[in-house]
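As a plain string of letters, each chain reads:
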Amino acid sequence: NKPPSCRNSLGDGRPSTVNQVQAGDSDETCVTFVLHEEDHTLGNSLRYIIMKNPEVDFCGYSITHPSETKINFRIQTRGGIPAVEPFRRGLSQLTEVCQHVLNTFEASVKMYKDRNEEME
Amino acid sequence: LLTMVGLFFFSSQVHTTAFPGNYPGYDDTWSQERFEEGHKIDAGSTRSLTFPQCGVRAAQFHCFHSSMCFWFAQVPTMAAEKVFIYNNTSIIQDEILAHRLGLIPIKADPRLFEYRNTGDEEGTEIDTLQFQLKVKCTRNPRSLKDSSDPNELYTNHNVYTRHLTWVPIGNQADLFADVDIRPVHEDILIAQLRPGQEIDLLMHCVKGIGESKVETGSLASLPFSMYFPFHGNPHNENILRCSGTLSRQDLKWRKVARVANPRLDTSSREIFRHEEFKDLVCLAKVRDHFIFSVESTGILHPDVLMTEAIKVLMAKCQRFINELEVVPME
Numbered sequence: 001n002k003p004p005s006c007r008n009s010l011g012d013g014r015p016s017t018v019n020q021v022q023a024g025d026s027d028e029t030c031v032t033f034v035l036h037e038e039d040h041t042l043g044n045s046l047r048y049i050i051m052k053n054p055e056v057d058f059c060g061y062s063i064t065h066p067s068e069t070k071i072n073f074r075i076q077t078r079g080g081i082p083a084v085e086p087f088r089r090g091l092s093q094l095t096e097v098c099q100h101v102l103n104t105f106e107a108s109v110k111m112y113k114d115r116n117e118e119m120e
Numbered sequence: 001l002l003t004m005v006g007l008f009f010f011s012s013q014v015h016t017t018a019f020p021g022n023y024p025g026y027d028d029t030w031s032q033e034r035f036e037e038g039h040k041i042d043a044g045s046t047r048s049l050t051f052p053q054c055g056v057r058a059a060q061f062h063c064f065h066s067s068m069c070f071w072f073a074q075v076p077t078m079a080a081e082k083v084f085i086y087n088n089t090s091i092i093q094d095e096i097l098a099h100r101l102g103l104i105p106i107k108a109d110p111r112l113f114e115y116r117n118t119g120d121e122e123g124t125e126i127d128t129l130q131f132q133l134k135v136k137c138t139r140n141p142r143s144l145k146d147s148s149d150p151n152e153l154y155t156n157h158n159v160y161t162r163h164l165t166w167v168p169i170g171n172q173a174d175l176f177a178d179v180d181i182r183p184v185h186e187d188i189l190i191a192q193l194r195p196g197q198e199i200d201l202l203m204h205c206v207k208g209i210g211e212s213k214v215e216t217g218s219l220a221s222l223p224f225s226m227y228f229p230f231h232g233n234p235h236n237e238n239i240l241r242c243s244g245t246l247s248r249q250d251l252k253w254r255k256v257a258r259v260a261n262p263r264l265d266t267s268s269r270e271i272f273r274h275e276e277f278k279d280l281v282c283l284a285k286v287r288d289h290f291i292f293s294v295e296s297t298g299i300l301h302p303d304v305l306m307t308e309a310i311k312v313l314m315a316k317c318q319r320f321i322n323e324l325e326v327v328p329m330e
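Chains as they are written, first to last, in UniProt numbering: chain D, 1 to 120; chain S, 1 to 330.
Among the clues, some could well be false.
Stated by the list, open to error - Computed list of lysine-lysine pairs in BS3-like fashion (alpha-carbon distance at most 27 Å, straight line):
| # | chain 1 | residue 1 | chain 2 | residue 2 |
| --- | --- | --- | --- | --- |
| 1 | S | Lys136 | S | Lys82 |
| 2 | S | Lys136 | S | Lys107 |
| 3 | S | Lys311 | D | Lys110 |
| 4 | D | Lys113 | S | Lys107 |
| 5 | D | Lys113 | S | Lys311 |
| 6 | S | Lys134 | S | Lys82 |
| 7 | S | Lys107 | S | Lys311 |
| 8 | S | Lys107 | D | Lys110 |
| 9 | S | Lys107 | S | Lys145 |
| 10 | S | Lys311 | D | Lys70 |
| 11 | S | Lys107 | S | Lys82 |
Hint data in this document are derived by calculation from the structure and do not stem from the laboratory.
Given the sequences, and given the hints that come with them, work out the whole structure.
Structure (structure tokens):
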């Protein structure tokens, strides 16, 4: 297992937010990502959306300990695809979903406010 | 308190098993198009906003509602972080007083401020709001001799949040000239004094998130309920009278009675107490329809809170994506 790096690679001095742990050096299809400073907020949504990916054999996460602010996020894939791929794809799909919810919500709030102004 | 009630229509179930490979013949792969097609938000009613999201087949968002609670905890607010006590002869100890001040919601848009750097004790105009509390209790010379009412005997014996005065730092006075910076509520009791006692202190409010600082939560509560459809046989008029939220709807093949406005329905079981109705009625939950109530502490409007909360999750995703791109994961 690789030791977690202390600083992230973006160079902004903040601690690293993601580490990758592999059982063997060669097997890229079974990876546990350690997501720092995260909990069910991201974990559950991300798990759901990654499980929707047919290339994914297994996806799950656990909170290591209540007093530790990190989650272990496990992905196993089919057909030799590196586990990073569905991970990355899940993140961008989740962003898209959020964007859509945000747009719909804002439109809806605007509609509601307009309607109220008309009534007044 | 400002409140917002929302209706979320999600897709089928809360706990889903519809993942690729589980059900032969079904395509349970994630599809943004299908999600967008079925997803609806509807904001409505006087003090509340509504947002229903209507379903994709895939049980999209069990996670969504639970996430929501967590997101709100991470929307930042301004709250007292440091209290400098110059004089406190009241009965409340300094540390208790400081803690009480930390819980007071401050009406200031946190988006206008930066996070204060760790270790910074002084603070600048971009990350700190300064408030002064200087109150001294005196005897009221005009009170009647035989009066026993403290309100009449003393002046300033109750210290309220309205006694907090904002002391602008640097250019804040110009910057926030047209913004009202003050505690959200004017009548929160901070301390009680008796003649001769006084409180003289300065407090620094900084930006923080609910997760890391208990005293800075923008959200009072986030109750959550699922929408109950209530089917019944409408031929019997009494059934409509029995439950106030039912109304008649004509479906293609038959008439049914249904809950007209799910937000008013409390899923009352009253109807099952009537012999003639109990077999006609089905009480069930629509598993993809969520009602959200967002109640803010008054600093940000609930709909701003909601959008900020969604942005928090997006920022999280983006941060991981960025890191993955920079480090080709070794």
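Each hint, compared with the structure:
no., hint, result
1, S/Lys136 x S/Lys82, "22 Å, holds"
2, S/Lys136 x S/Lys107, "25 Å, holds"
3, S/Lys311 x D/Lys110, "18 Å, holds"
4, D/Lys113 x S/Lys107, "23 Å, holds"
5, D/Lys113 x S/Lys311, "21 Å, holds"
6, S/Lys134 x S/Lys82, "16 Å, holds"
7, S/Lys107 x S/Lys311, "21 Å, holds"
8, S/Lys107 x D/Lys110, "24 Å, holds"
9, S/Lys107 x S/Lys145, "41 Å, violated"
10, S/Lys311 x D/Lys70, "21 Å, holds"
11, S/Lys107 x S/Lys82, "17 Å, holds"
Hint check: a violation occurs at hint 9 only; the rest are consistent with the structure.
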